[in-house]
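**Q** Residues per chain, in single letters:
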Amino acid sequence: MFDGRDPVYLQIADQIRQDVLAGALAAEEQVMSTTQYATTFRINPATAAKAFNQLVDEGVLYKRRGVGMFVAPGARERLLAESRESFFADTVDPVADAARVLGIPVEDVVARLRERAAHLDATTPTTGTTDTEAAR
Amino acid sequence: MTSPGYGVTLRGVTQRFGDTVALDDVDLEIRPGTITGLLGRNGSGKTTLGSLVAAFRRPTSGEVLVDGEEPWENERTAPGVCLVRESGDVLDEDRLRDNLDFFAGARPTFDRAFAAELMELFELDPKSKPSKLSRGKKSAFGITVGLASRAPLTILDEVHLGLDAPSRYAFYDTLLADYLAHPRTIVLSSHLIEEIERLLEDVVVLDRGRVLLTQDADSLRAEGVSVTGPQDAVDAFVAGRTVLGTQRLGRTTQVTVRGVLTDADVARARATGLELGPVPLQDLFVHLTDPRRRDGVVAAKVPGEGALP
Amino acid sequence: MSAAVTTARATRRPSPLAHALSRQLGVAAYLAVWYWAIALVVLVIATLVVWRVNGSVDVSIVAYARQSAIWFPFSQAILLIASLLRVHVAAGMTRRTFVRASLVTAVSTGLGYTLVLSGLLLLERALHAAVGWDAEILEQGFELVGSSFPTMVGELAPALVLANLCGLLVGVVYHRYGGWWGTVTLPLTVLPIVATLALAGEWFGSFPLDGLLDPAGDAPLLTGAVLALVTAAVYVALVRSTPVRTPR
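Chains as they are written, first to last, in this note's numbering: chain A, 145 to 280; chain B, 28 to 336; chain C, 54 to 301.
There are no misleading hints in this set.
Below, a list of computed lysine to any residue pairs in the SDA-like style, where the Cα atoms sit at most 25 Å apart:
#1 B/LYS164 with C/SER136
#2 B/LYS154 with C/LEU84
#3 B/LYS156 with C/ALA135
#4 B/LYS154 with B/ARG124
#5 B/LYS156 with C/HIS228
#6 B/LYS159 with C/THR299
#7 B/LYS154 with C/ALA85
#8 B/LYS154 with C/LEU74
#9 B/LYS156 with C/LEU74
Which residues of chain B face chain C? A few of them, derived with a C-beta cut under 7 Å, are:
#10 PHE83
#11 SER114
#12 ASP116
It should be emphasised that the hints constitute simulated quantities derived from the structure, not laboratory data.
Just so you know, even glycine gets a beta-carbon here, dropped at the ideal spot from N, CA and C.
Let the sequences and hints guide you as you build the complete structure.
**A** Written out as C-alpha cells, the structure reads:
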C-alpha cells in the first residue's frame with residue numbers, strides 16, 4: 145500500500161478524500177488515529193499526522209480534543225464540488241491532448257464516453273461519485 | 028505525561044584520529060521525540076557521532092549536548108542514552124539471561140517483560156552466551172537490549188547486519204509499535220534506506236565528516252524530482268536547477284533534480300511532454316553523496332553531463 | 054502520585070555504584086571460590102607428596118603459595134578492565150562509577166586473599182605442631198614463622214592489595230594504549246609489588262633497603278600504602294578520561 149509516486153502523506157490524504165467522496169466515510173464518522181495509521185501501514189506517526197493536518201486545513205476533517213479526528217459535516221459535498229471544478233482541467237484536457245497526438249477524432253472520444261456512461265447507468269445506480277469516477 | 032525523549036545538539040564538533048578528521052566542525056540538531064535516520068556512506072562519521080553522544084569518547088573540540096547537558100561522565104543523562112553498535116557491547120561470556128540482568132540493573136527504564144518478548148521474537152536462547160552466537164543472533168540481541176532499555180535516547184547503529192529479511196521486518200514493526208507506545212528519541216543508522224525510510228521523521232545525511240543536510244523526511248522526499256522525456260525538452264526544463272544525476276536510454280533522458288517544483292513548473296513540464304516522478308530517498312542519498320558530485324564535478328548544474336562524445 | 058512512584062522505584066533500584074559493585078564483587082567472589090578451592094587441593098597434595106618423599110614437611114607450602122595469591126588477582130584485575138569497562142559504559146554508567154567499584158573490588162580482593170592466606174598459614178602451623186614436624190618451616194628470612202595473625206596480615210596485605218591495583222593499572226593501559234604499552238607497563242608495575250614483598254619479608258637476602266628500613270616496623274606498610282595511592286591515582290586519571298574502544 146502507498147507505493148504510488150507521491151509522498152506517503154499525500155497518498156494518505158488522498159485515500160481519505162476518496163473514502164469521503166465514495167461515502168465509505170460518512171460525516172461525523174471517526175477516522176483512524178495517527179497511531180493506528182502508523183501501525184497499520186508501518187509509517188512514522190508524524191507522516192500520518194501531516195496528512196490529517198492537511199485534511200483539517202482543507203475542512204475535510206476536524207479535531208475533537210482528546211477524542212480523535214472526525215469527518216467534517218459537508219465535507220463530501222465540498223470535495224465533490226472541488227473535484228467537479230478540476231475535472232475538466234485535470235481529466236478531460238489530457239484526454240483531448242492525447243487524442244490529438246494519436247490522431248483520434250474528437251467524435252470517437254465522445255462516442256466512447258456515451259457508450260461507457262450507458263453501460264454504467266445499466267449496471268450501477270447513478271450518483272455523483274460514479275460520475276466522477278467513470279470519467280477518470 | 029512522560030518526556031518525549033532527549034534531544035541532541037552539536038556545536039562546532041570536530042573529532043580527529045591522528046591525521047584523520049572523522050567529524051569536521053559539525054553543527055547538528057536532533058529533535059527530541061523523533062525517529063531520526065542517520066545516513067552516510069562508510070567512514071562518513073556516523074559511528075563517531077554515536078560515540079560522542081553516548082559519551083564513549085570526548086570530541087577533539089566543540090560542544091556535544093544531550094538533553095541540554097554535556098553527556099561526558101554525566102550521571103543524569105548516562106542511564107538515558109543507549110548506543111547499540113554492530114560490535115555489540117555485551118558481556119561475551121555471560122549467558123544472555125545474565126546479560127539482561129546486568130543491563131536491567133543499570134537502566135532505570137529497562138523493561139524485562141519486553142526483553143523476554145523480543146528474545147522470543149528473535150528466537151534467542153536465554154541460556155546461550157553472546158560469544159557463541161551467529162552474527163545475526165548477535166545483532167538481534169543488540170536490538171533486544173537497545174529496545175528493552177527504553178532509553179530516552181536510543182541510537183541503533185547498523186544493528187540490522189546479519190539479520191535476514193523476516194527478522195529485519197519484525198524489528199521495524201516492533202520498533203515502530205514500541206515507539207508509539209513509549210515515545211522517545213530514536214536515531215537509526217542503516218544502509219538499507221529503502222527499508223527504513225518510512226519509519227523516519229527526520230533525516231541527517233553525513234558525508235566525509237560533515238553534515239550534508241538535516242531535514243524532515245517527507246519534505247526531503249518532496250524535494251527530489253525525476254524528469255523524464257526527450258533529451259532536448261529535459262535539458263531545457265532542468266536548466267538552472269540543481270541536477271543530481273543524469274541517465275540516458277536511447278533518445279530518452281532521465282534527470283534527477285533537487286528542489287520543489289511550483290504548479291507552474293509542473294504545468295510547463297506536462298505541456299512539453301515530460302514525465303515527473305518522485306525520487307526514492309535511497310536514490311537521493313546516492314546522488315547527494317556521490318564522490319564525483321561532492322568534488323564539484325557533477326554539481327556544476329550541467330544537464331548534458333556525459334553526453335558529449 | 055508520580056512522586057510516590059518515583060520514590061518506590063528509587064528504593065527498589067540499586068544505585069549505579071551498588072549495581073557495578075555487585076557485578077564486580079560477584080565476579081571476584083566467584084573467582085576467589087574457585088581459586089581457593091583449587092589452591093587448597095594443591096596445598097594438600099603438595100604437603101602429602103613432600104611428606105611421602107621426606108618423611109616430614111619442613112617448609113611452609115602455604116608461604117610459597119602466596120606468590121600465586123598475588124599474581125592470580127593481578128591478572129584477574131587486568132581481565133576485569135578488558136571484559137567490563139566497555140560494557141559498563143555502554144550500559145549507561147559512568148567511568149566514575151566503574152573506578153569506584155573497581156577500587157573497592159581490588160582492595161577487598163587483596164584484603165580477602167590476605168585473610169585467607171594468613172588463616173591457612175595458622176592452620177598449617179597448627180598442623181605442623183600437632184604432627185611434630187620441624188618448626189623451621191619457612192624460606193630464609195621470611196618473618197611469618199612465629200608471628201601473630203595481625204602481624205601476618207600486616208606483612209602480606211600491602212603486597213596483595215598493591216598487586217590488585219597494579220593489575221587494574223595494567224588493564225587500563227592495555228585498554229587505552231593497546232598491547233605494546235600494556236606490555237611495557239607490566240614490568241613497571243611488577244617492580245613495586247616485588248619491592249613491597251621484599252621489604253615485608255627480606256625476600257632477597259641482600260636487598261639493598263634492608264639496612265635502611267626495619268622490616269618489622271611500619272616501613273612495609275607505609276611503602277605499600279604510598280605505592281598503592283600512587284598506582285590508584287594514575288589508574289583513576291587514566292580511566293576517567295579514556296575513550297571506550299571498539300574490540301577488534
